[in-house]
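Peer 1: Those protein sequence lines, which keep their order, are chains W and B.
Reading the first sequence from the start, the letters are residues 11 to 289 in the numbering used here.
Reading the second sequence from the start, the letters are residues 29 to 363 in the numbering used here.
Since the hints were made in silico from the structure, they are not lab data.
Treat each hint with caution, since some may be false.
[Said to hold, decoys possible] Straight-line distance between alpha carbons at most 30 angstroms, and here's what the computed DSS-like set of lysine-lysine pairs gives:
#1 B/Lys299 <-> W/Lys183
#2 B/Lys181 <-> B/Lys231
#3 B/Lys299 <-> B/Lys280
#4 B/Lys102 <-> B/Lys129
#5 B/Lys141 <-> B/Lys102
#6 B/Lys102 <-> W/Lys183
#7 B/Lys141 <-> W/Lys183
#8 B/Lys102 <-> B/Lys55
#9 B/Lys212 <-> B/Lys231
#10 W/Lys183 <-> B/Lys48
#11 B/Lys212 <-> B/Lys135
#12 B/Lys48 <-> B/Lys129
#13 B/Lys231 <-> B/Lys102
#14 B/Lys48 <-> B/Lys141
#15 B/Lys48 <-> B/Lys181
#16 B/Lys55 <-> B/Lys181
#17 B/Lys144 <-> W/Lys183
#18 B/Lys144 <-> B/Lys55
#19 B/Lys181 <-> B/Lys141
#20 B/Lys102 <-> B/Lys121
#21 B/Lys121 <-> B/Lys212
#22 B/Lys55 <-> B/Lys231
#23 W/Lys183 <-> B/Lys181
#24 W/Lys183 <-> B/Lys135
#25 W/Lys183 <-> B/Lys121
#26 W/Lys183 <-> B/Lys212
#27 B/Lys48 <-> B/Lys231
The primary structure of each chain is shown beneath.
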Amino acid sequence: MSKARTSFARTGAVHVALIAYTLVALFPVFLTIANSFKSRNAIFREPLAIPTPETFSLIGYETVLKQGDFIGYFQNSVVVTVVSIALVLLFGAMAAFALSEYRFRGNTLMGLYLALGIMIPIRLGTVAILQGMVATNLVNTLTALILVYTAQGLPLAVFILSEFMRTVSDDLKNAGRIDGLSEYAIFFRLVLPLIRPAMATVAVFTMIPIWNDLWFPLILAPAETTKTVTLGSQIFIGQFVTNWNAVLSALSLAIFPVLVLYVIFSRQLIRGITAGAVK
Amino acid sequence: MGSLQLQSIRKSYGGHEVLKGIDLEVKDGEFVIFVGPSGCGKSTLLRTIAGLEDATSGSVQIDGVEVGHVAPAKRGIAMVFQSYALYPHLTVKDNISLGLKQAGVPKPEIDDKVRKAAGMLSLDPYLARRPAELSGGQRQRVAIGRAIVREPKLFLFDEPLSNLDAALRVNTRLEIARLHRSLKATMIYVTHDQVEAMTLADKIVVLNGGRIEQVGSPMELYNRPANLFVAGFIGSPQMNFIDGEKFGDSAKTVGIRPEHIGLSRDGGKWKAKVIHVEHLGADTIVYLESDDVGPLTVRLFGEHRYAADDVVHATPVIGGLHRFDADGRVINSGQ
Ligand SMILES: Nc1ncnc2c1ncn2[C@@H]1O[C@H](COP(=O)(O)OP(=O)(O)OP(=O)(O)O)[C@@H](O)[C@H]1O
Ligand SMILES: [Mg+2]
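Just chain W, same shape as in the assembly (with noise of 0.2 angstroms):
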């Protein structure tokens, strides 16, 4: 009995900081949403107050919506970030089936060289790159973001999914390569359905500051038909006005799309496809 209630204690404890946690992870969240639906008046008296029907407004709804080519924003986040975390997932998981599966000389050094992208921040590099990206014509391109993003994701893609590859089992490819599945096969339709967790981390890991990021879009593709939702929401926000309705709109709007994703990755985090597979 004494068991159960410091089990019961410690659960407590356990949701007591979760939530905790969660209250102070959502608050900016919350308070982004609710005061983009108040007048300009209201979210500046009171900013915690959620919308009442006096202080309801949609204004800068109308502002984001009307001004500059909101949709056309959205669409070159979501082309960017979709199409980059394609890429890096799969270059990323070939790079680390290699490191992980084949045994040829190099193999440690090539996989430390992979890594080293995790710790030298890829903006170091950005003259190179803005040089690199007039050089071949792709300045002002979806392509020079997505090139970028991919190579920004791959070193940290490429070291958690081939420490997740080396726990797939080596009878099970071996009994694949016995029954006259290609590499490619074993690939595809062995490895990576096993590693679909990792692939789902690495996918919300990715997302987040390609959607995020002002540094590159501001740099490589400033252009009103490829900006993206971050750059194109700086335009409220002035030197000396600000137009707080629609920025806090633009962002409210600009969370949806990531929820969206990362409710397609969190489904896949699920466990347990491997069980019964290898005893």
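Got chain W; can you put chain B with the ligands on it based on the hints?
Peer 2: For chain B with the ligands alone, kept in the frame of chain W given last:
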């Protein structure tokens, strides 16, 4: 259909030589068992035969054809792994049929073969399930089913029963023996289990440290071990080894199996004290300490009322002696 020749197979990982020259001939339809201590290279040898590892040197021939550069799927082999290695995201039916699909066998034929294999292994009720929804024994049967449908010339089993409990192990062992008789296929089987080795094998290959110590039928190995290693490895409890001098023999070491020593309270060759007794029902194992020849293990059939600290007399059975020279090789084995 299904013979195998290995010629001076060597395999190194980095600088570490795991297989040090293996020569072996397996005839069509034989059931050959590899035994040996952990890490002696049994699995490596099996993987080399399968083509999952390339030998560093030497040649592998299946049915007289050199297969050194043939892919595993094209060698006409099937392998059953200790860890089952079922595809976790496929149903039992898809697990069994993947190899056939991959080989481009027409669908009706696949269905037919899967049905036959499932019938043979009583897997019919489980065909639509995934591996996670099966018991250990059922999973192992699926793995065997996956091997059967390929109709290989050569079956390779790597400790297929070691994850099963004792009762299931006996059943599956019988099933494999039955399978061998009905398929008449050549089988190579790795095991740690002496009983499996003695009961299933036509021929046992004893490996140690990457070398073959002896090849022979179970009774040959039991009755005429070629050296100390095989003598100690085959048979349970282990053979007693007695210093030649203490025994009063010119050989360096004399071996006597526990079942070849008689015990008596009245008199005999060596006087000894009982250290411990194990009553197994059908057998009684008596551990002795003798001043003349050191520790002895004796296996008596049936029940015997010996107890610790009893003083008894042990006498070796005539003809049960194995004599070994200083290099551990047999001089003149017992009849
Ligand atoms: N991929 C590998 N790289 C390096 N060394 C290896 C590799 N695979 C096996 N070895 C080594 O080769 C030796 C033989 O291994 P193997 O798996 O063939 O042993 P085994 O006889 O099957 O043992 P067990 O009975 O425990 O399964 C071991 O010393 C092992 O450390
Ligand atoms: Mg092994």
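Peer 1: State for each hint whether it applies.
Peer 2: The hints, checked one at a time:
1. B/Lys299 <-> W/Lys183: 59 angstroms, violated
2. B/Lys181 <-> B/Lys231: With Cα atoms ~18 angstroms apart, B/Lys181 and B/Lys231 stay inside 30 angstroms; holds.
3. B/Lys299 <-> B/Lys280: With Cα atoms ~22 angstroms apart, B/Lys299 and B/Lys280 stay inside 30 angstroms; holds.
4. B/Lys102 <-> B/Lys129: The given pair, whose Cα atoms are some 14 angstroms apart, holds under the 30 angstroms limit.
5. B/Lys141 <-> B/Lys102: Holds: B/Lys141 and B/Lys102 sit about 19 angstroms apart, inside 30 angstroms.
6. B/Lys102 <-> W/Lys183: Holds, because 16 angstroms separates the two Cα atoms, which is no more than 30 angstroms.
7. B/Lys141 <-> W/Lys183: 24 angstroms, holds
8. B/Lys102 <-> B/Lys55: Between B/Lys102 and B/Lys55 the Cα gap is close to 20 angstroms, so the pair holds against 30 angstroms.
9. B/Lys212 <-> B/Lys231: Status holds; Cα separation ~15 angstroms.
10. W/Lys183 <-> B/Lys48: 27 angstroms, holds
11. B/Lys212 <-> B/Lys135: Within the cut-off at roughly 26 angstroms; holds.
12. B/Lys48 <-> B/Lys129: Violated - the C-alpha atoms of B/Lys129 and B/Lys48 are around 38 angstroms apart, more than 30 angstroms.
13. B/Lys231 <-> B/Lys102: 26 angstroms, holds
14. B/Lys48 <-> B/Lys141: Distance ~40 angstroms between B/Lys48 and B/Lys141 Cα, so the pair is violated.
15. B/Lys48 <-> B/Lys181: Answer holds: B/Lys48 to B/Lys181 is near 26 angstroms, not above 30 angstroms.
16. B/Lys55 <-> B/Lys181: 11 angstroms, holds
17. B/Lys144 <-> W/Lys183: 26 angstroms, holds
18. B/Lys144 <-> B/Lys55: Between B/Lys144 and B/Lys55 the Cα gap is close to 27 angstroms, so the pair holds against 30 angstroms.
19. B/Lys181 <-> B/Lys141: It holds: about 16 angstroms lies between the C-alpha atoms, which stays within 30 angstroms.
20. B/Lys102 <-> B/Lys121: 22 angstroms, holds
21. B/Lys121 <-> B/Lys212: 24 angstroms, holds
22. B/Lys55 <-> B/Lys231: 10 angstroms, holds
23. W/Lys183 <-> B/Lys181: Roughly 22 angstroms separates the two Cα atoms, so the pair holds.
24. W/Lys183 <-> B/Lys135: Distance ~24 angstroms between W/Lys183 and B/Lys135 Cα, so the pair holds.
25. W/Lys183 <-> B/Lys121: Roughly 19 angstroms between the alpha carbons, so the hint for W/Lys183 and B/Lys121 holds.
26. W/Lys183 <-> B/Lys212: 28 angstroms, holds
27. B/Lys48 <-> B/Lys231: Judged against 30 angstroms, a Cα distance of about 21 angstroms means the pair holds.
Hint compliance for this structure: hints 1, 12 and 14 are not met, and every other hint is.
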